[in-house]
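Order-wise, the sequence lines are chains A and B. Residue numbering for the first sequence follows our numbering, beginning at 1253 and increasing consecutively. Residue numbering for the second sequence follows our numbering, beginning at 52 and increasing consecutively.
Treat the hints with care, since some could be wrong.
[Claimed, not checked] Over 12 Å on every C-beta distance to chain B, these chain A residues come out as not near it, computed from the model:
{"#": "1", "residue": "1302"}
{"#": "2", "residue": "1392"}
{"#": "3", "residue": "1443"}
{"#": "4", "residue": "1444"}
{"#": "5", "residue": "1645"}
{"#": "6", "residue": "1671"}
{"#": "7", "residue": "1680"}
{"#": "8", "residue": "1704"}
{"#": "9", "residue": "1706"}
{"#": "10", "residue": "1736"}
[Claimed, not checked] Per the computed footprint, the stretches of chain B lying under chain A, defined by three or more beta-carbons under 8 Å from a beta-carbon of chain A, are:
{"#": "11", "segment": "130–139"}
{"#": "12", "segment": "183–194"}
These are calculated hints, taken from the structure and not from any lab test. Backbone N, C-alpha and C define an ideal beta-carbon position, used for all residues, glycine too.
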Amino acid sequence: MDPHVIFSSLFDILSTPKLIGLILLAVPIGTFFGCVPGLGGKLGIVLLIPFVYGMDPLPGAVFLLAMHAIVHTGGIVPSILFGVPTNGPEAPLLVDGYPMARNGQAGRALGASLGAASIGGVVGVICLALILPVVEPFVLAFSPAEFFWLAVIGITLISALAGKMLVQGLIVGCFGWLIGMIGLDSQTGIQRFTFGQLFLWDGFDVISGVLALYALPEMMQLGRGRRGESPEINPAAVRYTFAEVLDGVKDNFRHWGLTLTTSVMGTFIGMVPGLGGEAAGWMCYAYSVSRAKDPERYGKGAVEGVIAPSTGMNAKEGGGLLPTLFFGVPAGSGMAIMLGALIMLGIKPGPMMVVNDLPLVWSLIWAIALANLLCTFLLVLVGRHMGAVANIRAGLLVPVVLVFALLGTYLAKDHWESLLVLAGMGAIGYVMRRNNWPRPCFIIGLVLGPTAEVSFHKAMALWGPSFLVRPTSLLMMGLIATSLIYNLRKTYGPKKNARTSARHTVPTDASL
Amino acid sequence: MSSNPIRPTSPAILSGVFLVIFASAAGVAALNYPPGAASMPIMIGAVGAVLSLLQLVVELRRSRGAFEEKVDLRKDLPIYGWVWGFVLAVIAFGFLPAAPLMLLAYLRLRSKESWKLSLILSAAVFVLLYGLFQRVLGVPLFEGLITPLILDGLMPS
């Protein structure tokens, strides 16, 4: 790994006004998506697609990734100050962060969490820098057989995302995979499921799918009543001093061992398909409890219980880039949507990125680190005023988001017929939303299904059915079986203790 | 809590039926494709159809008491109607006139916002669409199916 490539990418970002300007713009936008209930990072990416339409790949990708990387940091403020976890991954912060705010330590909790998020984001990037030289030869040695199995590993992610709704998750995954088959078949060149419609020849794009299954159902949910319901905000929670926030930031250095360990943990969790998303926060929290000398403090306002999930959930963003960019296998549903957006921008994720696009990869990694630092700085300054943002009326939010959802759908393919598909599929997404069906499984099927199919046919053409018994295939089958058994046991197995069962009372990413 | 059987016309059942039909139809339609293009759709369609059927049977066997009806058509249909209103207006008249006007209509009629706020938001969306997207970024916004006909009628070449 050439250090020149690493640092020249950073220098390029810092010395290019357009790139640094886009990161500066992405920070408040990502914070907004993070702290408004019902929005979140996944919607953020798809709703910002119109803004990056026609942009060069680097600035477009830097903008989207910087925005996505800090969404969870934006969610820290409403989670700690108002007890409102706007998205799944911030939920662990409620356990100790909200009690700290109620105990009059809002500033300290906020400082500890924001400092930890920032450190987690930067440590995640450093870990990635150290891992990349080791991973590089493996990436280049991958053949279609390994890519097929990697896609299957990604699909087994459904077992982790679906939780108790495994059957529903599989149905939704099959639904996404079938939708992903629409268009010209790359093997035979014949049209599949296009019904003679020209606009379906290019296939069904991920952006429209996400907008139909996420944006519309969320907006319909928010817009059911005449006016949206807003969280109750305790005015005492937003009264804190800057010194208290600084004290919280210092807590990260007082507990430096925990901060560093959970940052590294978060990075590695982010790299594993199926363990990304909210798992990083909860696993780091569980680690913090397990190493504590006095675990009874947890749940009542322990600052370590705020630091651990904050570092974990931000460090995983850096880790999640590795499988997404080099293997085209997203680590979670957020990265699956990001993968679709990167492809739309003209970036081709895959092993050749190691050879051809390493400066681009490093620019993206640095963009995540810079966005994390800037976001922390912004929130330390204006955190107490975020209540107004978290409290935006649904009646105002719904129609504006609807306009941008339509714009994103149209621009993804330049076909007006896509708008009809969006409205039609939106109804299916809404029924799934109301019945808590795991919608991320649709994205997994839509993104990874076609990858698995193409790699399968290539591997069959190269080796015939014998590719199934290649050593790497057997190893990956073993990994898939282990991951499936682990996820099924985690979901259906006996609960270990009250704390473990308590976490299931918090809304999960799968249910969102 | 009632123990009445769930209605066969409930949205959960209807969506279950839809998924069974969708997955089966995809699998059956793929039978006409060459083997290379047919294998995956048939396999995934079959798995999807069997699982959807299984889920449908489970839903039908549940009592309405156990299964809370999650979709309330009286509340949900109006907002879904608005979604279609936005879509059809944009398809007919294009983004520039339709999106701000539908936004204004929604804010006034559904959200009951003040004229002042509704007009400011609608104007802001128009400026964003026209100024930022169309002029600055050069994004080609859809003109609608009817608007070009009207413009041609008003300004014959």
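Exercise for the section: Against the structure, test the hints numbered earlier, and report the numbers of the ones violated in rising order. Expected result: 1, 3, 4, 5, 6, 7, 8, 9
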